[in-house]
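Engineer: Heads up: the sequence shown begins at 9 in this note's numbering, then just goes up one per residue.
Honestly, the hints are just simulated from the structure, not real lab data.
Please note that a few of the clues may not be correct.
[As the list claims (entries may be wrong)] Think about it this way: if two alpha-carbon atoms lie no more than 30 Å apart in a straight line, the pair counts; the simulated DSSO-like pairs of lysine-lysine are: (1) K291 with K377; (2) K625 with K675; (3) K50 with K87; (4) K602 with K556; (5) K36 with K52; (6) K602 with K675; (7) K366 with K291; (8) K65 with K388; (9) K52 with K77; (10) K643 with K550; (11) K224 with K52; (12) K625 with K602; (13) K677 with K370; (14) K87 with K388; (15) K659 with K377; (16) K127 with K262; (17) K224 with K262.
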Amino acid sequence: MSIFTARRILLALVALTPAFSGLMAQEKLPEVRLEQGHFTRKGKPFIPVGAHWVPAKAGMHWPVQWDPKDIEADFAKMKELGYNLVRIDMLWAWFEPNPGDYNPEAFRQLDFLVSMGHKYQIYIHPCLFVGGEVGEAYWDVPWRHGRNPHSNPDMLRFQTEHAKALGQRYANETCIIAWDLTDEPPFWIVGGQTTDAAAINWTRLVAWGLRQGGAKQPIVVGTSGQETGRGPFRSDNLVQDVDFFSVHPFTIYKQDLFPDPMLSERSTYGAAFEIALSSGAGKPAMIHEMGGSTAQYAPERVALYDRANLYSGFAAGSIGVNLWCYTDAAPALWRQVPYLRTPQETAWGMVTWDRQDKPLAKAFRAFSKVMGQLDLTGMKPEADAGVLVPYEWAKPHGDFSRLGLAGSNTPTYVSVEDGDAMPDQQNAGKGSGENTALMGSLLTSFILGRRAGFAVDFPREYGNWNTRPLILLPAPLTSTGATFLSHVHTAFYVQAADYVKNGGHLYASVSSDAAFPNGEELFGARLVDAHQVSDITLKIVKPLGTLKVGDTLRFQASGGGPSQWGSLLQVAGGEVIAEDQDGHPALVAHSFGKGKTLLCAYPLETYLGTRPSAFEKPSDADGLYQAIRAWGGVKPLFWTNHPSVEATALKGQGRGYVVLVNHSAQKQKIHLASSLSLKSLRRIGPNGPEVLKLAGSGCELEVDAYDGIVIEWNS
């Protein structure tokens with residue numbers, strides 16, 4: 009008998025002992041699946057929460073400055089913070105120093121990290137290739153030789169084989185919760201060169217490589233700003249090849265959409281907005297990175313910002329949370345790139361470099377304890393209204409499948425706007441101004457809906473949007489922009505007429521660049537001409553929902569050209585609800601079949617989308633959207649009496665949760681109301697549930713500034 013055979017027999021005998029078997033059962037993490045829009049574990053929904061791990065002392069050089077003792081101390085601290093998930097980087101050059109030549113030491117290190125995951129009950133979320141990570145750094149392979157990893161045939165083959173090798177080795181590893189194909193493409197060395205087709209092909213090939221290797225875990229691509237910026241890795245392009253989506257809602261870096269301080273009402277909706285926008289493509293989404301640097305912002309404010317976004321993002325449907333990042337960088341790293349050039353990157357951590365809690369640690373620990381008590385079986389957020397995402401915005405560049413050109417006898421159609429007329433014509437950046445206007449308007453409608461007490465989601469133009477009782481079409485969705493990205497197709501208005509005839513409610517706002525062919529029939533009014541004004545007053549002349557005769561709503565235009573101007577309307581069968589400062593129709597209501605429409609002559613959402621700190625105080629837009637809610641017959645399950653405190657319901661069979669989030673800087677005493685016949689309410693706190701006293705169809709309670717509360721309800 010060889011010594012190796014003897015050792016195997018000894019280990020088998022030891023494994024049969026109750027003590028050893030119990031230890032193994034305790035340490036082995038169960039498999040996590042993605043089912044019915046949730047991660048599940050042992051057949052029940054599971055909410056992964058954690059952060060990205062870059063060690064404090066070694067930084068991104070941790071594979072070559074390997075310190076198992078320090079790494080285990082990090083895992084112990086992460087466990088104490090409430091983590092059940094950690095995202096890690098797998099540097100391509102370390103795993104594959106030469107094409108097809110894999111480094112066995114890299115796999116031994118990953119095996120060690122997996123063992124730490126089992127020991128501390130923290131799932132590992134590996135991120136392949138990396139590319140860009142930590143500030144302006146790009147972590148390249150020395151043998152790339154200028155080849156584009158998203159489109160070069162050799163590089164695509166190498167990456168596919170790389171993924172296959174990982175899939176083969178870790179196909180059945182339950183500690184790996186999901187594979188992240190890479191972090192924040194296309195922000196690699198080749199940023200700006202990646203087309204829609206290249207992003208789709210790259211994702212499809214690398215995901216195929218993992219599956220060919222046998223990997224069973226879910227797949228995602230860790231994207232940042234691809235939805236709001238209409239990048240090639242946006243969710244609509246990836247939907248066929250990944251299992252879930254991710255968002256990195258860094259609002260501080262998106263001043264075109266968030267022209268506000270970090271801690272502001274609009275910015276604390278950043279995560280929820282991106283989750284709703286991304287998941288509208290048809291799969292669930294997860295907060296993958298988020299946060300702020302305490303080298304740039306006060307630690308207490310970073311904690312409040314993250315806390316509000318965590319709860320609001322969860323309410324919008326986020327299936328998990330992975331913050332950026334676990335720890336600050338040690339001072340020794342400040343002397344070398346990337347930290348040398350990017351001082352803000354030194355202090356993004358939940359803890360200091362020597363593992364001392366920062367304010368965010370306390371907030372995150374409490375959030376983790378609340379999430380751990382929830383049973384989301386059969387539950388999901390339900391939208392009361394939909395804002396359409398145009399097909400032209402969502403579709404892959406150059407796709408003509410819905411342009412009405414079916415049939416072999418169709419004459420050749422060449423589109424100079426779609427970039428297909430010239431081989432290899434780049435579409436990057438084209439229509440960026442239109443995209444910014446569209447995103448600002450969608451974000452504004454999303455926030456105004458929440459402030460008015462109803463939940464908004466983002467169905468695609470050719471999706472199943474007609475199941476919603478209310479559809480919002482804020483400008484520029486009604487425009488006729490030259491690159492087509494920001495408005496619906498002409499054929500939409502035919503579908504809209506059927507939707508309204510069958511009982512739907514449609515609200516639309518327009519600017520002077522709007523166009524629709526059936527205005528008299530659908531809206532009871534037609535477009536006449538542009539109306540150039542900067543100070544707008546809407547005087548209510550007939551009641552609408554909560555608005556009564558004599559009420560006035562005031563707005564200020566943002567300046568600029570036709571997309572900012574109002575439109576003169578000629579009423580043709582509709583009813584004037586409000587007149588503007590010049591006596592022209594400003595709001596026109598119209599009954600059509602079983603449903604109704606409401607047309608606004610000014611692009612109010614566009615104005616608010618560009619105004620700094622537009623939501624720090626109650627605005628007249630709140631009154632309009634509250635009236636739209638009542639006019640549209642929207643009956644949310646829960647709502648509050650304060651616009652800054654959103655209430656979002658997750659509904660199951662006779663039970664569910666309502667998530668309250670205070671987006672304001674003051675503690676708010678609110679009344680939570682419900683349209684349900686409630687039997688009980690329980691607040692789920694970090695230390696367990698607390699029964700709340702019912703007051704009619706709701707309850708009275710206080711919500712701290714930028715805080716979230718989860719309440720379990722039974723009806």
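Engineer: Run every hint past the structure and note whether it holds.
Structural biologist: Checked hints:
With a C-alpha separation of about 26 Å, the suggested pairing of K291 with K377 holds against the 30 Å cut-off. At roughly 15 Å between alpha-carbon atoms, K625 and K675 fall within 30 Å of each other, so this suggested pair holds. Simply put, K50 and K87 have alpha-carbon atoms about 21 Å apart, close enough for the 30 Å limit, and the pair holds. Taken as a hint, the K602 and K556 pair is honoured in the structure, with Cα atoms around 24 Å apart against an allowance of 30 Å.
As the CA atoms of K36 and K52 are separated by approximately 18 Å, the hinted pair is consistent with the 30 Å bound. Proposed proximity of K602 and K675 is contradicted: the alpha carbons are some 43 Å apart, above 30 Å. Distance restraint check for K366 and K291: the Cα-Cα separation of roughly 34 Å exceeds the 30 Å cut-off, and the hinted pair is therefore not satisfied. Of the pairs offered as hints, the one joining K65 and K388 is violated, with about 41 Å between alpha carbons and a cut-off of 30 Å exceeded.
Note on K52 and K77: the hinted pairing is violated, with a Cα-Cα distance of about 34 Å set against a maximum of 30 Å. Taking the CA atoms of K643 and K550, the gap is near 22 Å; set against the 30 Å cutoff, the hint holds. The straight-line distance between the Cα atoms of K224 and K52 is roughly 18 Å, inside the 30 Å bound, and the hint therefore holds. Restraint check: the Cα-Cα separation between K625 and K602 comes to about 37 Å, which exceeds 30 Å; the hinted pair is violated.
In summary, the hint linking K677 to K370 is supported, as the alpha carbons are separated by about 24 Å, within the 30 Å threshold. Under the criterion of a C-alpha separation no larger than 30 Å, the hint pairing K87 with K388 is consistent with the structure, at around 28 Å. Restraint check for K659 and K377: the C-alpha separation of about 21 Å stays at or below 30 Å, so the hint holds. Distance restraint check for K127 and K262: the Cα-Cα separation of roughly 39 Å exceeds the 30 Å cut-off, and the hinted pair is therefore not satisfied.
With a C-alpha separation of about 36 Å, the suggested pair K224 and K262 falls outside the 30 Å cut-off, and the hint is violated.
When the structure is compared with the earlier hints, violations turn up for hints 6, 7, 8, 9, 12, 16, 17 and for no others.
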